[in-house]
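Chemist: Listed below, chain by chain, are the residues.
4 protein chains.
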Amino acid sequence: MIKAAVLGATGYAGVELVRLLSNHPEVQIEVLGSQSFAGQGIDEVYQSFEHILDVKCEELDLDRVRGCDVVFTALPHGASKEVIPALIEQGVKVIDLSGDFRYDDIEVYEKWYGQKHSSPELLKESVYGMPELYRDKIKGARLIGNPGCYTTCSILGTVPLLKSGMAETKNIIVDAKSGVTGAGRSAALPYSFCECTENMKAYKVATHRHTSEIEQELSKAAGEEIIISFTPHLIPLKRGILATIYVNLKQKSSAAELTEMYKEFYKDEFFVRVKDEGHLPETKFVAGSNFVDIGLCYDERLQRAVIVSALDNIVKGAAGQAVQNMNLLFGFDEKTGLKNAGFYL
Amino acid sequence: MIKAAVLGATGYAGVELVRLLSNHPEVQIEVLGSQSFAGQGIDEVYQSFEHILDVKCEELDLDRVRGCDVVFTALPHGASKEVIPALIEQGVKVIDLSGDFRYDDIEVYEKWYGQKHSSPELLKESVYGMPELYRDKIKGARLIGNPGCYTTCSILGTVPLLKSGMAETKNIIVDAKSGVTGAGRSAALPYSFCECTENMKAYKVATHRHTSEIEQELSKAAGEEIIISFTPHLIPLKRGILATIYVNLKQKSSAAELTEMYKEFYKDEFFVRVKDEGHLPETKFVAGSNFVDIGLCYDERLQRAVIVSALDNIVKGAAGQAVQNMNLLFGFDEKTGLKNAGFYL
Amino acid sequence: MIKAAVLGATGYAGVELVRLLSNHPEVQIEVLGSQSFAGQGIDEVYQSFEHILDVKCEELDLDRVRGCDVVFTALPHGASKEVIPALIEQGVKVIDLSGDFRYDDIEVYEKWYGQKHSSPELLKESVYGMPELYRDKIKGARLIGNPGCYTTCSILGTVPLLKSGMAETKNIIVDAKSGVTGAGRSAALPYSFCECTENMKAYKVATHRHTSEIEQELSKAAGEEIIISFTPHLIPLKRGILATIYVNLKQKSSAAELTEMYKEFYKDEFFVRVKDEGHLPETKFVAGSNFVDIGLCYDERLQRAVIVSALDNIVKGAAGQAVQNMNLLFGFDEKTGLKNAGFYL
Amino acid sequence: MIKAAVLGATGYAGVELVRLLSNHPEVQIEVLGSQSFAGQGIDEVYQSFEHILDVKCEELDLDRVRGCDVVFTALPHGASKEVIPALIEQGVKVIDLSGDFRYDDIEVYEKWYGQKHSSPELLKESVYGMPELYRDKIKGARLIGNPGCYTTCSILGTVPLLKSGMAETKNIIVDAKSGVTGAGRSAALPYSFCECTENMKAYKVATHRHTSEIEQELSKAAGEEIIISFTPHLIPLKRGILATIYVNLKQKSSAAELTEMYKEFYKDEFFVRVKDEGHLPETKFVAGSNFVDIGLCYDERLQRAVIVSALDNIVKGAAGQAVQNMNLLFGFDEKTGLKNAGFYL
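Protein chains in written order, with our numbering: chain A, 1034 to 1378; chain B, 1034 to 1378; chain C, 1034 to 1378; chain D, 1034 to 1378.
None of these hints come from the bench; they were simulated from the model. Just so you know, not all the hints are guaranteed correct.
Just so you know, same-sequence chains aren't split out, so a pair can sit in one copy or run between any two.
Quick list of in silico lysine-lysine cross-link-like pairs, DSS-like style, CA-CA up to 25 Å [what the hints assert, rightly or not]:
#: 1; residue 1: 1372; residue 2: 1149
#: 2; residue 1: 1283; residue 2: 1203
#: 3; residue 1: 1237; residue 2: 1283
#: 4; residue 1: 1157; residue 2: 1172
#: 5; residue 1: 1196; residue 2: 1285
#: 6; residue 1: 1300; residue 2: 1368
#: 7; residue 1: 1372; residue 2: 1036
#: 8; residue 1: 1203; residue 2: 1089
#: 9; residue 1: 1237; residue 2: 1157
These numbers come from a predicted model, not from an experiment.
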């Protein structure tokens, strides 16, 4: 039994962490940090927890957090800059859900986030928390940069094709659609019910920060620098990202061949489900679960692969992947606490 | 470890049973019955189960079902009339989710369902599966009539007041609102997305079958015959029932007094959460969980209690309550497999 | 052609007024008042107006407004207290969408709104803007108190029964459900998409201000003081109110009799559609239109009428009724600008 | 005043035609054809029309239809094959909303629709009903092939760039998202509320029929054969298509330049609104209206234009465009009956 803290526990990623950890047999939730709701029980802020979890939210107190084995920081970018180094120094494992520790190259971070990085040394040491790609490194890490939601969906959907050598590396396009929880727990007008429902839109075209994170991983997979078009869209549902990925191929292929190749690539991965040929993911298949579903199409007229990948942005795209990383860090079975079927309904 | 069968496994109540049972530590899912999808894996019909549950749907075969310890029949009213007696005879415990075994009085059933009852003897023996009211009887039963969704919400919200003797028994009104899963997995036009979303309506005013089931239990609680107004409404969401219940009181009271009385009444009930005074239920607090939430208001101008109760119609209103009943039948902790926090998001 | 101003033009009631007025053949939109968006075109704030209406929002300037023939004040309660008297003095007709000028009795207003009324003299003179009940008075008025959304739905659904003398005046219950536009254009967290969708709740039970407005009109219709239970609910859709109204009857009746009586009562009213016996309203039938639909049920076991009425809260419940009032004030055909079919889809 | 018939009046495109025509000052609705609902009033099938339009649906009777000036055929592909030639012969103008008369090349039609064309002669004569591209031809036509919803959105968003000569003609990708009305009035399970809401998916990847229609028009605009990737997605809302279009450019450009070019191209088009630089379309800006909104982005890292276009699939994508075509056919102002602001809410 390990002790865990969640800082930023009342945001949507934070509360999903609380939901998953409250059901994890090896974890004791010790500290829930929340500036806005300090003093209130988590079951007051999210009344779904009544009778389930009786822990009070509290303001950040390093002495309290320090006694934990693992700390999840689910705070805005840059907000944990004093906390994380202090914790690492104390030997506490940190899984950071912000963008701060996801980059190999500090310049890429500073360019896309428009701010100096506060802990360049730690950035160097941190491990990108995508178990399907970096399982071994994660196991020994002190600090995990937990990947973004769009990025997990895009990277896991594209990497096998890039590693196969079949892909042209130019003209890769990721057209991604996200539910509204992706914007966090926000009272801003554009995320109000009447403005969001019955509406859809693209936003931050060619400028979204996740572009750089996707490119970093695709470039490593391809062994050369890759620049992509990445377009996020806001869709009127709560949970779910669907990414439609267009990749030209160097030679003729088929849906069958692509499917087989992906199935082989992910054959040991519990949380990646490659659909049979002719089947495509839908976000309701993954809602509430830690799965990524991937479907492969082939456009023979254009010699182009069209890959559709789907996940739940606050589970595999945030909290679930963080728990998966925690399982690796502490030597638990990687699936612990993450084996329940999703919602569908 | 007991063996379970779900007949009607691909309807919405059925598949929610499968979801809950797949996460239950004492249950092995042995048989999934589905006429429409026989031969297909449950993870093909509901692809959220991929990697989670690998069981094929099959047509009804009594020999297969007979080997189970418990059978859940989630079929339309009257559809299990040959199956259930045969199973009971074999010593298999049956939890029936239809209306067939919920009634004390066969005439009430036959009047409201417009058909002869096929097993009057079994009806006499069957126990109404509402643990909060009939826990002891359930423990020793062979056949459970699992309550309806509207009825569970209405009954648990009203019974304490009736048992207290504070209530006038005339002019009780239950105005209930349900999400669309209440209609089952239906391809009928009125339940299509474009006809349902951005719409609401009342239906079956003063004629819905659940009226008789609610009246049966309220009458027993009050010790006199009670006739109510019950109005169901269709609301554009998936999961959730909210019942607003109006009860005149014999003398002055207060929200504080009513709240305290309900808290006392349900103090040992894990799955009933009486809200603190001034707080009201919302369906998102119960979605995906087996909880019923109840909030008490008092209208001093009218000496009237207004009770708001909420549950997830396919969990506490169907599949979750069925699992709760199963836990009682087999001597498991009543909360087993039902302790996860709900969805909220 | 008359000149119109809308103050509070960028709220939801305000912008619906703009939508309707922009399509009204006798109206020139002269001034759009908006503090938050002064300087921006209405087609920037609501981009649906691009190519349709090219008017800039402006801060309140009495000199500008004074030149108009009619001013719609769609501001929060109390906010127009200096503006309205000044306009009335100048001979400008005012249609006020707040609660300020809806009451016969200043004490009722002050009790339910918790504030002193700023213009008791004007309150006395103002006319309650419900054409179906006060058409003649409206025609000659200088100041209209435009009714609330819940209230229009509840009053038009109940008045015929009360006027008929068939109704018991005790135990009248109005259980009302509203879409989220009823909360106005709000950035508050409870109205955010992720908190609202897939959720429903009751709120302000027995304390909502509209209770007093409904009681005022029902009491006048009945010729005696009537106190009701009124319960508002928040439902995850944009437009629409559905009120389910329970009224005990003095003697036996039938759905046929009730329907006939309502059809007779409203036979000259274009905007009230009494459904044929056996049919009930749905909010999609009225969305986007100025209609109120009313369906009559009779519960013979309880000698009780159950009336279901539905309207679009920002049309007949706000902006559409305001335009209807304007038509009467200026001698236009009452239906002018309001004859388009609603949305359904 | 002309007389109009709508065949297939109770489907979603049909009923939207009825809604628009009922508000058109130059049109008398004479015949509403509906096999499923013959004998019922349109205001029974769609109760939003009560008090607005009192016309009975009827089975197809050529003698009745023949007396009209214009007939809209909103039937499935191939279903009008006997009707249309007969009407044309009688001198009735026909606007066909199916795919049957949209093609220049009969082989393309037969390949993508998998059936022989029944009226090759008429296909030759028919005019593609996109006024922004073929206004003059439409004016003199006898038979209009009214464009598809995805296609209108995609073509109007791409043609200016292709005509400018700035575009590379390879690697054009159209990633399109549609609301559920696009599937028509369907009782099929995948379009049921509980299966659609909170879900999104891609479908018919690289095989959707609209691909061929888009390619036909893009090829003409470019002066060379163009093959595109076209991916449709189903999104949980009723009305709206959003297309995100990726086009590589031959040389450097900018959002400003692209925007200016599009504004110039469409400067005389009332129904096309090119957004100012930095602004993007949202489907709520066009819902219920005949507008297409187009926003231009430029990805300087990739020398690629990303164009976002949006329309209401049953208005500009079907019924509204049909009315626009009718206005041209009969010499009415093109905007007649189509000038109302859309819904936004």
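Chemist: It remains to establish, for every hint, whether it holds in the given structure.
Modeler: Against the structure, the hints:
no.: 1; hint: 1372 - 1149; in the structure: neither (39 Å within a copy, 45 Å between copies)
no.: 2; hint: 1283 - 1203; in the structure: both (11 Å within a copy, 15 Å between copies)
no.: 3; hint: 1237 - 1283; in the structure: between (31 Å within a copy, 24 Å between copies)
no.: 4; hint: 1157 - 1172; in the structure: within (16 Å within a copy, 60 Å between copies)
no.: 5; hint: 1196 - 1285; in the structure: within (17 Å within a copy, 31 Å between copies)
no.: 6; hint: 1300 - 1368; in the structure: within (15 Å within a copy, 36 Å between copies)
no.: 7; hint: 1372 - 1036; in the structure: both (21 Å within a copy, 20 Å between copies)
no.: 8; hint: 1203 - 1089; in the structure: neither (51 Å within a copy, 44 Å between copies)
no.: 9; hint: 1237 - 1157; in the structure: neither (28 Å within a copy, 44 Å between copies)
The structure does not agree with the numbered hints 1, 8 and 9 stated previously, though it agrees with the rest.
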